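Undergrad: Single-letter residue listing:
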Amino acid sequence: MSVSVDNKFDLIVIGAGPGGYVAAIKAAQLGLKVACVEKYQPLGGTCLNVGCIPSKALLQSSEVYSFTKHQAQIHGITFKDLSFDLKKMMERKQQIISSFNQGIEGLFKKNKVVRIQGRASFISKDEIEITTLAGKQTYFAKNFILATGSKPTPLPFLPFDEKQVISSTGALSLTEVPKKMIVVGAGVIGVELGSVYSRLGSEVIFLEFLDRICPTLDEAASKGFQKILEKQGLKFHLKAKVVKGERSGSGVEIHAEIDGKIEKFFSDVALVAIGRKPYTEGLELEKIGVKQDAKGFVIVDSFFRTSNPSILAIGDIIDGPMLAHKAEEEGIAAAEYLAGHSAKVEYMMIPNVVYTTPEVAAVGLTEQQAKDLGIQIKTSMFPFKANSRARCMAEEEGFVKIVARSEDLRILGVHIVGPHAGELISEAVVAMQNKMSAKDLSSTFHAHPTLSEAIKESAMMIGSKAIHL
Amino acid sequence: MKVEIKVPAVGESVTEATVARIIKQNGSFVEKNEEILELETDKVNQVVTAPEKGVLSLLVTVDQKVKISEVIGSIEPASIPSKPQSAPAAVEVKKEEVKKEVSFVKEAIRIPTEQYLKEQKKEEPAKKMEAPLPCDKKAPCQTPSGKRVRMSGLRRTIAQKLVEVKNTTAMLTTFNEVDMSAVMKIRSDQKDQFEKKFGVKLGFLSFFVTACSSALKAFPEVNAYIEKDEIVYNDSHHIGIAVSTEKGLFVPVLRDCQSLSFAQIESEVMVFAKKAREGSIGIADLQGGTFTITNGGVFGSLLSTPILNPPQSAILGMHKIQERPVAVGGQVVIRPMMYLALSYDHRIIDGKEAVGFLVHIKECLENPSKLLLES
Chain H
13 MSVSVDNKFD LIVIGAGPGG YVAAIKAAQL GLKVACVEKY QPLGGTCLNV GCIPSKALLQ
73 SSEVYSFTKH QAQIHGITFK DLSFDLKKMM ERKQQIISSF NQGIEGLFKK NKVVRIQGRA
133 SFISKDEIEI TTLAGKQTYF AKNFILATGS KPTPLPFLPF DEKQVISSTG ALSLTEVPKK
193 MIVVGAGVIG VELGSVYSRL GSEVIFLEFL DRICPTLDEA ASKGFQKILE KQGLKFHLKA
253 KVVKGERSGS GVEIHAEIDG KIEKFFSDVA LVAIGRKPYT EGLELEKIGV KQDAKGFVIV
313 DSFFRTSNPS ILAIGDIIDG PMLAHKAEEE GIAAAEYLAG HSAKVEYMMI PNVVYTTPEV
373 AAVGLTEQQA KDLGIQIKTS MFPFKANSRA RCMAEEEGFV KIVARSEDLR ILGVHIVGPH
433 AGELISEAVV AMQNKMSAKD LSSTFHAHPT LSEAIKESAM MIGSKAIHL
Chain D
14 MKVEIKVPAV GESVTEATVA RIIKQNGSFV EKNEEILELE TDKVNQVVTA PEKGVLSLLV
74 TVDQKVKISE VIGSIEPASI PSKPQSAPAA VEVKKEEVKK EVSFVKEAIR IPTEQYLKEQ
134 KKEEPAKKME APLPCDKKAP CQTPSGKRVR MSGLRRTIAQ KLVEVKNTTA MLTTFNEVDM
194 SAVMKIRSDQ KDQFEKKFGV KLGFLSFFVT ACSSALKAFP EVNAYIEKDE IVYNDSHHIG
254 IAVSTEKGLF VPVLRDCQSL SFAQIESEVM VFAKKAREGS IGIADLQGGT FTITNGGVFG
314 SLLSTPILNP PQSAILGMHK IQERPVAVGG QVVIRPMMYL ALSYDHRIID GKEAVGFLVH
374 IKECLENPSK LLLES
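Protein chains in written order, with our numbering: chain H, 13 to 481; chain D, 14 to 388.
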C-alpha cells in the first residue's frame, strides 16, 4: 500500500512550542502552506508540558492549601483536619495540559497547518528528513523556522535522574512531597517550584551563586521579594558556589562554598535550576551553514534570519530572555516577515513575571540598567500597604516601582512586587509601548478600589507626590 | 506576466522617498496610468501611476521609506476587474513573494533595548511635558491649547535649506523702483492681438524674464555660482519662477530664457502654474535653475528681501504695482510703480554689479525698446 504524501510546503516550522506553533498558525493565516514538526506526541513544547502551564497549576493548588492553612484565619475562617492530595493535584495539572494539547491540535486543523511527528534533521537548506517510529520521510520547504527551544542545564558533576536530582521537569511530577529540598539556583524557576513544595510542607533551602535572588529583577524588587519569601519559610544562601554533589543513600549531598568555607547540605531531593540551554540536537545545522555561538544559541540577524537566510530561528534557541511570550511574538513576527509584512519586536517591552505569592512582575529597564546606560532617571516606590484594595484582600506586601527618564518623565521601567503583579504589569507594558510619561499615567482613571491604583500613585510620585502616602 | 512597479527616478540628488499616500489599495483593479500612490521626497511630491492594467499588489505602507528604483509592488495584468479585493489574487502574490526567499521587508524587526532607546532619543527627543506656566496674577493664565502637526518632508527641507543659505552665504539685498507705465501700455495695446495669435495672455512675467535675461547677459556673475574655490559661469539663463501652492513653494525652471520669445515664456509659465495647482510638478521641472524670480506682489507685498535659492547667487523680488506720486521732469505725477529687490551673494557679486544689474532691469522695463535692441 502506498500513500502519496504531500511533502512540499512554503514553510516548515520545527518545534511546536509556544514560538513554533504560533508561528505556524500565523503563517498559515497569512496564506502560506505550512507544516509543523514536533518530536513529542503532545504539542505545546516546554511551556505547556513541562513549564509555564503545569507550574502555574501546581502553584495555584499549593497556594490554595497554603492560604487556607495560614491566611484564612485572618478572614475568620478556620479548618480542622486540613489536608491535601498530591496525586490529585498532579492529575488536575495533567488534565489542564491535555486539554491544551488537544486545543493546539484543533487550531492546527482549523488553520490547515500540517502536523508532522518525528525528529527533524536537515539534508539541505530546503529539505529535511523526519524520523518517526514508522521510518523516515523527506519534506521540502522554501523556508524553515527553527523553534526547538531549550532544555534545563544540569550541574556538570550531578546529572539529572529526575528522582533525587531533578530539573524543573522532574519537579512538576514528584510523587511525594520531599521533607527537605535543596534548590540550586534562586532564579524564577527555582523560587516558583521551591515555593510549591515549601507550601506543601518541604523545608526548602536555596543555594544561589549570585548575591541576590532572581538577578534580572530590579535590585529593590529582588531584595524586597527575598524578605517576603524568607517570611514564608524559604531559606536562601547567597554567594554560594556549589562545588560538589552526590547521591547519598536515599538523598543528595551538596557541597557549596560560602564565604570561603565549604558547607554541606543534605536533602531528599535537589532541584537544579541554574538555567537552560538552547536545544538544537539532531538538526544538523552545520550541514546547512546555520551558525551558533559558543553557548549554542543560533545566531540571527534583525529579521530572524540565520546565517542561511532562508532559514529563520526564534524563541529560546536565539538570544534574549527564555520566555514563552517572547517566543510567541518572535514567531508571529517571523511569519509576518516571510509573508512580506513588516513587524516589530521591541525587546525592552517584554514583561517578566514570577508567579509566587506575592507575584513579581517587571518590564523595561531596572534602575541600575538605566544608570549603566547613562540615562538621567527619577524613580518612585509606592507600597501596597497604602492601597485600599490590597488591605481589603489582606495582601499588603510589596510595592510598585517606576523608573522614568528625568527630561520628559517617560516611563522606562516598572517593577511590581505584590498581589496579581503579573496582571498589573500589562498596564505598564501598554503605557511603555505607547511612550507614555509618568504624568500621562497618573492622569489616567483607575477604578477605586483596585490594586492598579498603586501604579497610578507610583506614577504620581514621579511627577509630583502621591495622594495616599 | 506580472509587471513590477518601481519607484521612479525623481531627480538627480534624490535617492529616497516616503510613501505619503496610498491611492489604490492592495488587491484593487487599476487601469493603465491610474494613480496608485503618492511619494514624498525632499523636493517634491510625485504620483506613481500604474504601468499596466490589472490587479494591483502593493508591498509598501504609508510612511514607509523607499529607495529609487526599488520594487514597491506589481500588477497582475487582467482585462476586466475581478471581484474587488479578490482574495485569491492576494494570496497568490504572497506565495510568489516567499519564493524569492529574500523578503522585501527592509526595516529591522528585532529591536534590542539599546537600539530602541537610541532610536527614541533620535526621533523624539521631546514629547516634552511642558509644565504649565506659572500664572502671572496680572495677566490671565494661558492654557496651552492648539495642536501639533508633524512637518512634511517638503517643509522640513525648506526649513533646513533656508537656514543653511543664511548661514553659508553673504547675502544682502539691494532695491530699486520701476515705473511700469510703458510695460502696462504695451500690455493694454497688444494683449488682445497677442492672445489671439498665441493663445496665451500677455502677462508681466514675460517682460521681467526677458529683462532679467538681458541683465544676466550684461552681468554674468549674477548667473554664476561658487563651487569650492571656483566660480562657475552658466551659459544658459535658466530662470526659476516661484509659484506658491497649498503644499508649499515650488520653483519650476524656465529653460534657456535667452532664446525664449514672450509667447513661449507666457505659455510655459501657464503650464507650470497648472501643474503646480494639480500637484504634478516633477522634480525635473525644478532642477537646474541659474537665477530666480519671485513675486511677492501677488500677495500684496510692497517690499521684501527674498532668500537665495542655492547654489544660485541672486534672486529678483517683484512686488505689487502701486500708483504713487513721483517726480518726472520736475513735475509730480502719478505713476504705477513697483519696487524691485535683488538679494545676492556678496561673495561672488560686488555691490556695483548688483546695483547695475537691477538698474539694467529697471531701464529695460521703463524703456521696453531697450529689450528689442539688447536681447
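The hints are simulated quantities; they were obtained by calculation from the structure and are not laboratory data. Some hints could be false.
As a list, the in silico DSSO-like pairs of lysine-lysine whose alpha-carbon atoms are at most 27 Å apart [to be verified]:
(1) Lys303(H) x Lys119(D)
(2) Lys356(H) x Lys365(D)
(3) Lys390(H) x Lys198(D)
(4) Lys148(H) x Lys303(H)
(5) Lys154(H) x Lys19(D)
(6) Lys80(D) x Lys356(H)
(7) Lys68(H) x Lys303(H)
(8) Lys154(H) x Lys15(D)
(9) Lys19(D) x Lys356(H)
(10) Lys131(D) x Lys447(H)
(11) Lys256(H) x Lys303(H)
(12) Lys148(H) x Lys45(H)
(13) Lys356(H) x Lys66(D)
(14) Lys198(D) x Lys383(D)
(15) Lys154(H) x Lys204(D)
(16) Lys160(D) x Lys451(H)
(17) Lys447(H) x Lys204(D)
(18) Lys131(D) x Lys451(H)
(19) Lys160(D) x Lys447(H)
(20) Lys356(H) x Lys78(D)
(21) Lys15(D) x Lys447(H)
(22) Lys356(H) x Lys204(D)
(23) Lys20(H) x Lys15(D)
(24) Lys383(D) x Lys204(D)
If the Cβ cut is set under 10 Å, some of the chain D residues that face chain H in the computed set are [said to hold, decoys possible]:
(25) Glu47
(26) Gln77
(27) Lys119
(28) Ala121
If you're wondering where the values come from, they're calculated on a predicted model, not measured in any experiment. Backbone N, C-alpha and C define an ideal beta-carbon position, used for all residues, glycine too.
Undergrad: Of the hints given before, which are not true for this structure?
TA: 2, 3, 7, 11, 13, 15, 17, 21, 22 and 25
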